[in-house]
Amino acid sequence: MLAWEGLAHRYASASAPIRYADFALQAGQHLLLRGASGSGKSTLLALLAGLLRVQQGELEVARTALPGLSPRALDAWRGATLGVVPQRLHLSEALTVAENLALPALAAGQSADPARAAELMAALDIAELAARRPHQLSVGQAQRVALARALMRRPKLLLADEPSASLDDEHTLHMLALLLDSAEREGCTLVIASHDARVVEALSARDDVAEVVL
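Mapped onto my numbering, the consecutive letters of the sequence shown carry residue numbers 2 to 215.
Derived from the structure by calculation, the hints contain no laboratory data.
Ideal placement from N, C-alpha and C gives every residue a C-beta, glycine not left out.
Treat the hints loosely; a few may be bogus.
[Stated by the list, open to error] Derived lysine to any residue pairs resembling SDA-like cross-links, with alpha carbons at most 25 Å apart: (1) 157 x 76; (2) 157 x 90; (3) 157 x 212; (4) 157 x 47; (5) 157 x 142; (6) 157 x 70; (7) 157 x 174; (8) 157 x 187; (9) 157 x 124; (10) 157 x 110.
[Unchecked claim] Listed next, with one range per pair, are the computed distances between beta-carbon atoms: (11) 76 x 18: 22 to 28 Å; (12) 126 x 30: 25 to 31 Å; (13) 114 x 91: 17 to 23 Å; (14) 126 x 188: 17 to 23 Å; (15) 133 x 18: 40 to 46 Å; (16) 40 x 72: 25 to 31 Å; (17) 110 x 52: 16 to 22 Å; (18) 18 x 174: 32 to 38 Å; (19) 119 x 185: 19 to 25 Å.
Using the sequences and the accompanying hints, generate a full structural model.
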């Protein structure tokens with residue numbers, strides 16, 4: 002599902018590139034990217050998502066070599082392959098929860114899929130929130146809406162950036178369980194980037210979670 006070799010990225014303002022040790026994720030595993038702030042976790046997530054172009058090395062995601070894709074092909078691949086739960090959830094305040102879940106399909110030029118939205122809202126226990134707007138949601142509810150949105154197009158890879166950033170201990174464990182359960186139910190690979198010791202402790206004990214320490 003994931004593999005990289007000789008992977009490095011250099012920002013224009015940096016004196017040296019960020020280099021990543023060669024890695025391959027085994028089938029059936031999920032991935033925890035851990036390390037201090039500024040260690041390169043978000044950069045690696047952006048590379049995996051095709052939001053940053055590969056400058057050096059090889060990177061394969063979901064059996065696709067990203068360096069060889071044109072910008073148009075990369076956009077199409079991203080829409081068909083990825084679901085992303087960003088640290089800042091970016092829910093549209095002008096839209097209801099149900100309307101926010103329609104955005105991935107509409108952005109891809111497809112029709113909304115209310116049946117799929119209803120299925121995910123039921124699975125994530127947010128069906129009663131369908132008519133609310135983001136400002137009417139708790140932090141935990143908003144994260145579940147963002148997770149449902151990320152899963153709308155049945156991604157092969159689910160990326161979560163610092164999912165515990167605004168959560169207390171109880172809600173952190175609940176969010177991790179939701180992410181893992183959703184990935185298992187949907188049959189996709191989960192990648193979590195975090196420097197939170199609570200996340201590391203919870204995931205390090207699992208046989209189905211590999212780690213990359215940056």
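Fill in: Hints that the structure is at odds with (numbers, increasing)
As far as the earlier hints go, not one is violated by this structure.
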